[in-house]
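Enquirer: Sequence:
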Amino acid sequence: MVLKQITHLTSIDNLTKEQINFILDKSKQMLNILNSKKTLNICKGKILACLFFEASTRTRLSFEAAMHRLGGNVIGFADASTSSAKKGESLTDTIKTVQNYADIICIRHPLEGSSKLAAKYCKIPIINAGDGGHEHPTQTLMDLFTIMIKKNTISNLKIGLCGDLKFGRTTHSLLQALALFGNEIICISPEELRMPNEIKDKIQNYGGKIFQTENLNEVINKLDILYITRIQKERFISEKEYLRLKGRYILDKKIMSIAPKNLFIMHPLPRVDEINPEIDNDKRCIYFQQAFFGVPVRMAILEIMLKI
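Just so you know, we're using our numbering here: the sequence shown kicks off at 1 and counts up by one.
Don't read these hints as lab results, they were simulated from the structure. Nothing here was measured: the structure is a model prediction, and the numbers come from that model. For each residue, glycine too, the CB sits at the ideal point set by N, CA and C. You may find that some hints are simply not true.
Restraint-style ranges between C-beta atoms, simulated for each label pair [to be verified]:
| hint | residue 1 | residue 2 | range |
| --- | --- | --- | --- |
| 1 | K96 | I255 | 31 to 41 Å |
| 2 | T97 | N215 | 45 to 55 Å |
| 3 | P190 | Y121 | 19 to 29 Å |
| 4 | I258 | T7 | 44 to 54 Å |
| 5 | G182 | E89 | 43 to 53 Å |
Derived DSS-like pairs (lysine-lysine); straight-line CA-CA distance at most 30 Å [unchecked claim]:
| hint | residue 1 | residue 2 |
| --- | --- | --- |
| 6 | K209 | K28 |
| 7 | K158 | K253 |
| 8 | K158 | K44 |
| 9 | K26 | K44 |
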């Protein structure tokens, strides 16, 4: 099995191209199983611990659904205030304790680097379900899977990343993966929310092509995929600064009228005001299908990392 040597998944950098392709192929198998309504017992007797120190809907529930679909069980918490973290327990002490109760842990935490810290002290596999504004590797894998299903490839595409590229952990992981597969990436954001230099520097090692602009209208007709994100209020120190940038990019019927017919609109969700619900029925808008793909992809990741 390709991923036997991978103990933890804290960054998309943990994976090679071959390993990513292996996960995507396994995800296809899981999707077929889901569509056939078959029952699996692959993870019977296994326990996933979901430790969510930060709010989540899709990531947490899709991880839980994935484990249940595999025949396993789930423990954990969805709110740090219901855990001993409220009493002042350190993250490392939480991890050292929970590893005694489960076979694998997925963790979401508001601090960057938290999943790597957890992995350092954990004897069972750790999966990063989002650490602050740093990375979100399993989101990237489901994004790649979505692109593969819709475009039949994850290479040599023109992909626009739009919105909050400074704090958007989903775009940080995705940009690296897209560059690894030889895509042309156009980063669309206000200057204040541009992709961090350290992320851009990383992709130079992959030979990725990256361009920057503030004008979505000028580039939308050149794209195969537009991946738009919300301006993240929770990452701003100043509410005034957030309000100034909020609503900079909004997809509605007007802008969709100039978008290519073969363009697909993706979004990691939740959305705020950057996508008008009036376009939800546009066949090019695939963000809810993208959210569904989180289940087969995370089923694949769990099976592979549990070495079943």
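Enquirer: Next, verify each hint and record whether it holds.
Expert: Results of checking the hints against the structure:
1. At about 50 Å, the CB distance of K96 to I255 disagrees with the hint of 31 to 41 Å.
2. Range check, T97 to N215: Cβ separation about 51 Å, and the 45 to 55 Å hint holds.
3. Taking the beta carbon of each, P190 and Y121 are about 39 Å apart, not inside 19 to 29 Å as hinted.
4. The given range of 44 to 54 Å is respected by I258 and T7, whose C-beta atoms sit roughly 47 Å from each other.
5. For G182 and E89, the Cβ-Cβ distance of about 45 Å falls inside the hinted range of 43 to 53 Å, so the restraint holds.
6. At most 30 Å may separate the alpha-carbon atoms for a hinted pair to count; K209 and K28 meet this at roughly 28 Å.
7. With a C-alpha separation of about 22 Å, the suggested pairing of K158 with K253 holds against the 30 Å cut-off.
8. Taking the CA atoms of K158 and K44, the gap is near 42 Å; set against the 30 Å cutoff, the hint is violated.
9. For the suggested pair K26 and K44, the alpha carbons sit about 19 Å apart, so the restraint of at most 30 Å is met.
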